[in-house]
Amino acid sequence: MGRIAVTILLILSPLLSTDINIYEQNCVKCHENMPVSLDKFFFNYLLKYSSERRVKQALRNYLKHPRRKASLATEELVSRYGLMPKTDLSDEDLRKAIDTYWDKYKVFGKIE
Amino acid sequence: MSVSNVTATGINRSERITLVRFIGLYSFLVLMILILGSTIYFKLQKDLMLQTKRLELEEYSKELIDGLKLLHIYFDRYRTYPRNPLYRSAIYDADHVQIFSTLKHPEGVQLEKVIYTTDGVIQYIHVLDSYYLGTKYTVVEIDDDRKWFAQAWRNILIYGGFLLVIFLGAGVMLMRLFLSPMRDAIHLLDRFIKDTTHELNTPVSAILSNIEMIETDRLEPKTAKKIKRIEIGARTISTIYQDLTYLALNHNIVSQNSDVDLSALVQERVDYFRILAESKKIGIETDIQPGITLYIDENKMARLVDNLLSNAVKYNRRGGEIFVRLRPGELIVKDSGIGMDEKQIKEVFKRYKRFDSGAGGFGIGLNIVAMIAQEYDLEIEIDSQKGHGSEVAVKWDA
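Chains A and B are the protein sequences, given in the same order.
Adding 19 to a residue's 1-based position in the first sequence gives its number in my numbering.
Adding 17 to a residue's 1-based position in the second sequence gives its number in my numbering.
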């Protein structure tokens with residue numbers, strides 16, 4: 020049983036690290052240079068869209084079609100850094116990146 | 018079919034049955050109304066309690082939302098859920114997924130409602146405009162002390178019981194009011210029969226005694242036949258007179274019980290009815306065991322036997338047969354008459370019940386039989402088939 024678990028983990032670990040890499044390469048890389056961190060954006064999405072399904076759907080829509088009206092960033096931030104460019108990630112990679120983002124900042128299981 | 022449980026069916030009994038049925042139906046309807054009223058009252062009391070508690074719960078909810086707001090802003094620094102010993106709470110997202118809960122009964126949460134009771138707790142739902150930590154619904158829960166519940170039940174039982182008694186009292190009064198015309202009609206009929214009975218005695222006795230004095234042997238056969246017919250008619254009237262006297266006067270008098278020689282009595286009554294039976298060409302066959310006695314009032318036993326024989330003659334076909342059998346503990350009168358169906362057998366002991374209006378009589382015969390049978394614990398069994406005659410068996414502990 021233990022062996023099977025280890026084998027599965029070994030097979031899955033490159034896949035998991037690939038998902039994280041998509042997020043790191045395509046999201047964190049740009050946002051780490053900005054004064055507003057990614058977790059603040061996450062909590063703004065949470066504040067407006069509430070549930071996992073709705074947050075993920077809003078993120079996907081925005082990243083595929085960035086519009087000023089749909090942006091949750093402040094006026095100041097937008098005027099300084101501009102709107103995000105339209106993502107060139109495939110639907111599958113975009114899903115993986117958003118899933119990683121959700122898992123990283125979600126509040127489920129973190130409240131004490 | 019055994020009808021031993023069918024007893025004398027006077028007006029009081031039928032009145033009682035009607036009264037019981039009416040009261041049953043009336044009580045059912047009254048209960049329905051009271052249950053409906055109680056349900057509405059109970060619901061109102063519950064709503065009143067919830068409205069009172071709602072103010073308190075709204076305050077707790079505001080406090081919780083303030084705490085969530087702070088937690089949302091400073092989530093990177095601390096993650097302690099806002100708690101208060103006065104209430105328990107939970108938060109749910111827009112897809113009704115529970116984010117966090119300190120509830121005692123999270124399984125009873127109904128997010129589509131506002132305030133409700135479940136499993137001994139009161140839960141209040143508030144929908145947020147800004148979803149702090151993704152929270153769309155806050156649930157605040159306090160214990161339900163159930164004082165309102167006990168109070169509501171107490172009021173329902175006290176006032177409901179009071180109303181039930183009043184309604185039932187009114188029902189009985191209504192019933193008596195409705196029955197009054199029927200009772201008057203029956204009393205009038207009884208009184209009429211009683212008065213008529215008094216007037217019958219003298220002329221009937223005069224006719225019978227004078228007929229007995231006529232020496233028919235000396236008469237022409239034609240005249241003798243006519244005299245016999247007069248005698249039959251007079252005897253029929255005499256039997257009716259005896260029945261009416263029993264109903265109107267005798268049955269309330271204390272019985273003069275003695276060891277009656279049933280064998281002699283039955284034989285005597287058969288002989289008495291033989292003339293009547295012959296007029297319809299009906300033959301009476303007897304199988305009477307001698308020496309059978311029964312401790313009973315002789316007049317009443319005569320009335321019982323007379324009525325069985327009278328019916329056997331009355332409802333028999335022309336040229337029919339009657340069979341009378343007497344054994345210890347059993348008297349059977351069997352005829353070859355029109356017979357009865359199941360429904361008629363059930364109603365046969367009711368007073369003024371006649372199945373063949375052409376046969377004459379008042380329909381009181383078997384009512385008298387039933388009354389006497391009840392008084393002396395005699396069991397009556399009727400075996401009858403429509404068109405094939407009837408067999409009436411009177412049984413007693415020999």
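Any given hint could turn out to be false.
[Claimed, not checked] Listed below are the simulated DSS-like cross-link pairs for lysine-lysine, each with C-alpha atoms no more than 30 Å apart in a straight line:
| no. | chain 1 | residue 1 | chain 2 | residue 2 |
| --- | --- | --- | --- | --- |
| 1 | B | K130 | A | K67 |
| 2 | A | K105 | A | K59 |
| 3 | B | K70 | B | K60 |
| 4 | B | K121 | A | K129 |
| 5 | A | K129 | B | K79 |
| 6 | B | K60 | A | K125 |
| 7 | B | K351 | B | K242 |
| 8 | A | K83 | A | K123 |
| 9 | B | K79 | A | K75 |
[Claimed, not checked] Examples of chain B residues toward chain A, derived with CB under 8 Å:
| no. | residue |
| --- | --- |
| 10 | Y91 |
| 11 | F92 |
| 12 | R96 |
| 13 | T97 |
| 14 | P102 |
| 15 | V114 |
| 16 | I116 |
| 17 | F117 |
| 18 | T119 |
| 19 | Y148 |
| 20 | Y149 |
| 21 | G151 |
| 22 | K153 |
| 23 | I349 |
Hints listed in this document are in silico derivations from the structure and should not be mistaken for laboratory results.
Being a predicted model, the structure only gives us computed values, none of them experimental.
For glycine and all other residues, C-beta sits at the position ideal for the given N, C-alpha and C.
A quick look at each hint next to the structure:
no. : hint            : result
1   : B:K130 / A:K67  : 23 Å, holds
2   : A:K105 / A:K59  : 21 Å, holds
3   : B:K70 / B:K60   : 15 Å, holds
4   : B:K121 / A:K129 : 21 Å, holds
5   : A:K129 / B:K79  : 23 Å, holds
6   : B:K60 / A:K125  : 42 Å, violated
7   : B:K351 / B:K242 : 28 Å, holds
8   : A:K83 / A:K123  : 21 Å, holds
9   : B:K79 / A:K75   : 29 Å, holds
10  : Y91             : 10 Å, violated
11  : F92             : 7 Å, holds
12  : R96             : 5 Å, holds
13  : T97             : 5 Å, holds
14  : P102            : 17 Å, violated
15  : V114            : 6 Å, holds
16  : I116            : 6 Å, holds
17  : F117            : 5 Å, holds
18  : T119            : 11 Å, violated
19  : Y148            : 4 Å, holds
20  : Y149            : 7 Å, holds
21  : G151            : 4 Å, holds
22  : K153            : 5 Å, holds
23  : I349            : 90 Å, violated
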